[in-house]
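Using the sequences provided together with the hints, build the complete structure.
Residue numbers (this note's numbering), protein chains in the order written: chain A, 75 to 167; chain B, 15 to 416.
No lab work stands behind these hints: they were computed from the structure. Everything numeric in this text was worked out from a predicted model, so none of it was measured. Please note that the accuracy of each hint is not assured.
[As the list claims (entries may be wrong)] Some but not every residue of chain A turned toward chain B, in silico, with C-beta under 8 Å:
id : residue
1  : A108
2  : E109
3  : L110
4  : R112
5  : R123
6  : V125
For each residue, glycine too, the CB sits at the ideal point set by N, CA and C.
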Amino acid sequence: MTLGYLISLEQINQLSLTDRQREEIIAFFAARDAELERLYRFDTADTERMVHVMPIMTVVREDKAVQLFTREALQAAAPETDEGYWCVPRVLE
Amino acid sequence: MKLYISENPAAKSADISRRIAADDMILTSSLPTTAGSRMLKGYMSLFGAEVLTRLDNAGFTLAGKANVGEFAVDLLGETSYFGAVETDGKLSNAAAELLKAGEVSAVITLDVNGYPRRAAAQNGLISLKPTYGTVSRFGVIPAACSGDTVSIMANDTAAVSEIFAVIAGHDDKDGTSHPEAVCETAKTAAVPIKRIALPVNLTEGTNEDVKGKLAAFTASAEAAGIEVVKVESDIIAVSNIAWNILMSAEVCNNVSRYDGVKYGYRAENFSGIDELYTNSRTEAFGELIKSVIIFGSETLSADKYNKQYDKALRIRRLIVEAFAELFSEYDAVLLPACSALSYGEEIRADKYAVYTENRFTAPASITGLPAVVCGSVQLIGRAFSDGSLLAAAAKITESEGK
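Set out below in structure tokens:
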């Protein structure tokens, strides 16, 4: 993990770390990379990936148009609203 | 020391045997739900979790929302925005302290990265992480969805069994919910636990207290007529390395929704939309979650996807197969739940300690297998053997000291 790569990951994830946090995360990644070597010792070329640990079926339901919540209820937890809209800063100058 | 993040004052008059708490990963419409994060401070959900609805219908009263580490990924709750819980200068856990104080008879927790099992083991309590898919996760804040399991912590196996009987069952609202008949199987003690495997290489790095608990549990099990056999497993020993990859990737995705716009914390100072997102997330998330996000994001990147994420998914299958092989000879697997019965300064000073300390809890997390913590150690069973594990835990507890 290089500093430049870490900063690009911060940007992708909309985070901004301090210099101290960056140093600590880079050190953590160095230790983690050494740990990952233990995984690479296992040959998985002929092993299928396992996403779901149980044979769980996707629930299929009939479509029904139901109003669960009102607009007012959904916006009750919003930091800022205005006449039924969520407020965000202007995107286009 | 904040045991509750929010409380229901009306619950004070409820009979203690019917009074429960839920950790703050479980949504409630009558109390705020924060996930232990500044990001969700004061957040009111529009609906409550299915598990709490079932418990309410069964006559249980919710006393409050127990303090929890940010998105439940830490050791014991030390990353909570609302403060760590300490007892006699030692790191503790809110759910465990509420039980020890006799405030509630059980706590509903979300086991993301093993904190309920570590807390139960360090406090001599009982914890059940049920088989993945037997308890509804509708209304639970998602963290690492392929392993997140609604769990139960209580003072004894009877209380855990009673709660499990109420909350286990099919739920149409949860896409990972098993059919009712399968969930019913999990409640029964259909297959008695007669032989237990103890993978000794997974006990390395535990201190003398934990080794003592393993020895005491083994002696009690043998006194109860259950054989304990030492084995080794190289693949199960790397469970946490694979789990850290999968967990980080899933948490990274799940917390990407928190951007300070539709709900949650919004930074006061920003000059444009990008700064609003960045400042809100930077100010609201704690350091451990930030590391999880960076880890998960890297793991899912084009460069690392095949080498790390894809590899971890294949390793998961090898671990499931290793357990299946053990279960062809044994009925359960005995493991520690933590490296020490209380965490010293060294582990507390390492803010990323959970990535290695979870080596004891990750085997059950990555496989979705049920795990019961009893006598400060952990018993992992076949899928849907939850009832059998609890019955064995009760039997072994009874034989303690005989």
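The hints, checked one at a time:
1. A108: violated, 10 Å
2. E109: holds, 5 Å
3. L110: holds, 6 Å
4. R112: At 5 Å from the nearest chain B Cβ, A:R112 passes the 8 Å test, so the hint holds.
5. R123: holds, 4 Å
6. V125: This interface hint holds because 6 Å falls under the 8 Å limit.
In the structure shown, a violation is registered for the earlier hint numbered 1 alone.
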